[in-house]
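Trainee: Given next are the chains, with one letter for each unit.
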Amino acid sequence: MTEDARDDQLGEALAVPPLDDITRRRLVRNALDAAADGDPADAEAPERRSWVPLAAAAVVILLVVVGFVALGQGGDGSSSDTAARKADRVPTAETPTGQAPTAAADSSSGAAASLVPGILDLGDLGNLSSARSRDRTRAALTTGPLTDSEAATTRSNEQLLQDVADAACAEPLRAESTAVVGVGSATVDGEDAVVVVTGTAGARAAFVLVLQPCALSPL
Amino acid sequence: MPRAHDDSDETLVERASAGDRRALEFLLDRHADRVHAICRRIVGDPEDTLDATQEALIAVARGITRFDGRAAFTTWLHRIATNAALDELRRRKRRVLTTAPRDDLPDAGASTVEQRVAAKLDVDAALAQVPEDFRVAVVLRDLCDLDYPEIAEVLGVPAGTVKSRISRGRQALAGLLGPALGPARGNWDGATDVGVSSD
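Taken in order, these protein sequences are the chains called A and B.
So that you can map any letter, position 15 of the first sequence is 15 in the numbering used here, and since no number is skipped, the others follow by simple counting.
So that you can map any letter, position 72 of the second sequence is 72 in the numbering used here, and since no number is skipped, the others follow by simple counting.
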């Protein structure tokens, strides 16, 4: 049978960037560890399974106790806690003043962990769920001077860059030719996100990476 | 660094089969990108792709002592990667192939990174619309550069079926990707000929 030649153009379109070192090593290490642990269907399994009914019973008892406690408190404590947590995470971008975000962060949240030199820490950029807030944030990040956030952030740029390294959908941002100049945190529709600014002082672009489910898009 | 290792696959396979964990690590590290690429193009969803890649690498690590060498190592590896991707696809069918057509692609003045993001999304969306059998055949041929007998062995189907699937898969992708593949492409005008569905 005669073979059609490989379609180089299609092959190029289908090409997938290599895994970053961190991800590749993690996958390899996990595989080695799993192989060392042996097949899951081996003799250990029955022993593990014997704990399942006990664990399930413990969970049921715990849920019943928690349920009674919640009912005893009138049932409104959890929702206010949730609201408070959401309020904590929200937004410089959704402020009623309509000002552009200034990469400010929650100064009461404690000091940030170590920072990566050369990559700006943009701080908490707030809630980027609406087109308006995204437009404002994009404008703030891609025009004019870009500076470090002066306030402490809940997550350092080192941690945010790790999120970018771990997110499978962030492949384009990990390409060697992509120069990341700054990262910040945000939320999109209630989900944690990382804002990444690439390029140079003359031509910057901003992207938002939603972590769960993983989705990368231009800001 | 594992990547700098110079031993051939055959040597590493032999040592790994004999229980050399370091050799197995070199082998997995060397082929992880290939496995990931296959899974990425078959599965579509990046998160699910990593799960499939992990499963494939675990399968290789666990199965290397049973690898009998009757097929080439790379053929065996491709079969494992393809099966892991297909398993992932079936397990998480609802979460896959949901990439919606984009109407907000960056304009001509957009940055290179923006263009790359958009192009990648285009390829994902196009692949999602190509039937699974055709997609797998095209990935193995045009991404992995396997020949027909190798693909037939990986998929367990006759070479004639491989040829047909590749042809129809390419035709479908040309129609969906259109200008991205050049001016001579993209004249395919319908989904019914090749059974393209939006799943």
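Simulated from the structure, these hints should not be mistaken for laboratory data.
Treat the hints with care, as some may be off.
Output of the computed footprint for chain A on chain B, the stretches with three or more beta carbons under 8 Å from beta carbons of chain A [claimed, not checked]: (1) 79 to 85; (2) 130 to 137.
Label pairs and their calculated CB-CB ranges [as the list claims (entries may be wrong)]: (3) G63(B) <-> S130(A): 33 to 43 Å; (4) A139(A) <-> G156(B): 29 to 39 Å; (5) D33(A) <-> D9(B): 21 to 31 Å; (6) T11(B) <-> D4(A): 32 to 42 Å; (7) E158(A) <-> F67(B): 49 to 59 Å.
For every residue, glycine included, the Cβ atom is placed at its ideal position computed from N, Cα and C.
Trainee: Determine which of the earlier numbered hints do not hold for this structure and return their numbers in increasing order.
Mentor: Violated hints: 1, 2, 3, 4 and 7; rest satisfied.
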